[in-house]
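Novice: Fit chain X to the known structure of chain Y by using the hints.
Heads up: the sequence lines are chains Y and X, in that order. Under the numbering used here, residues 1 to 112 are what the first sequence spells out, in order. Under the numbering used here, residues 1 to 111 are what the second sequence spells out, in order.
The reader is advised that the hints may include incorrect statements.
[Stated by the list, open to error] Taking lysine to any residue and the SDA-like style, the derived pairs with C-alpha atoms no more than 20 Å apart in a straight line are:
hint, chain 1, residue 1, chain 2, residue 2
1, Y, K57, X, Q1
2, X, K26, Y, D59
3, X, K55, Y, G97
4, Y, K13, Y, S75
5, Y, K57, X, S94
6, Y, K71, X, P98
7, Y, K71, Y, D51
If you're looking for bench data, these hints aren't it; they were derived computationally from the structure. All figures in this text were calculated on a predicted structure; none of them were measured in a lab.
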Amino acid sequence: DVKVTQSSRYLVKRTGEKVFLECVQDMDHENMFWYRQDPGLGLRLIYFSYDVKMKEKGDIPEGYSVSREKKERFSLILESASTNQTSMYLCASNPGGDNEQFFGPGTRLTVL
Amino acid sequence: QQPVQSPQAVILREGEDAVINCSSSKALYSVHWYRQKHGEAPVFLMILLKGGEQKGHDKISASFNEKKQQSSLYLTASQLSYSGTYFCGTESRSGNTPLVFGKGTRLSVIA
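Extracted from the complex, chain Y is given alone in its bound form (with noise of 0.2 Å):
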């Protein structure tokens, strides 16, 4: 079974801290993303990326950066957290051409 994991399924910080989502996936995926979700906005891509080193901007990419050194591995790093990221941040891999997406559990991220 294919698996994606993040690192943290609930996380408390501080405004101004920066904050680092870690997404591992199992199954040699070549593409990787970041979703965050919101009530009533339903699923909005940060960031994607394609292959190693590699990373494309979304629909929402301000405030976030990413990073993927590895290609199991998908970072997402808020670089100094604000309140209005306060969200659920869903990670997510796929082989690539016609398939399916196979999502991560969610980290849900407040930030006070």
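Specialist: Coordinates of chain X only, in the frame set by chain Y:
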């Protein structure tokens, strides 16, 4: 631009049928459907591709009208386990383009 899903929410009794729609203002190459139960990750249901190919679970039924840029998910003889939020994700072209997800349709099935 996000596809538009309708209805936003629906309540069914066990055994009833429902249709969830997904509509885009752009020409579509594919439509993906996912279901998310409360507190869990979204789970894949189906992919519908331009030209008629479908991939997904045998028990799920869906259609894709390329001309109207619309897709519908058909849930028949609903069960309690069908409850959750359904998302459609759309691609406007083939290749490595990310999905754009709708806002979701919340489905509640009651006994």
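Novice: A separate judgement is required for each hint: does it hold in the structure or not?
Specialist: Going down the list of hints, with the structure as the test:
1. K57(Y) with Q1(X): Judged against 20 Å, a Cα distance of about 15 Å means the pair holds.
2. K26(X) with D59(Y): holds (16 Å)
3. K55(X) with G97(Y): It holds: about 12 Å lies between the C-alpha atoms, which stays within 20 Å.
4. K13(Y) with S75(Y): holds (17 Å)
5. K57(Y) with S94(X): With Cα atoms ~19 Å apart, K57(Y) and S94(X) stay inside 20 Å; holds.
6. K71(Y) with P98(X): holds (18 Å)
7. K71(Y) with D51(Y): Roughly 7 Å separates the two Cα atoms, so the pair holds.
Checked against the numbered hints given earlier, the structure satisfies every one of them.
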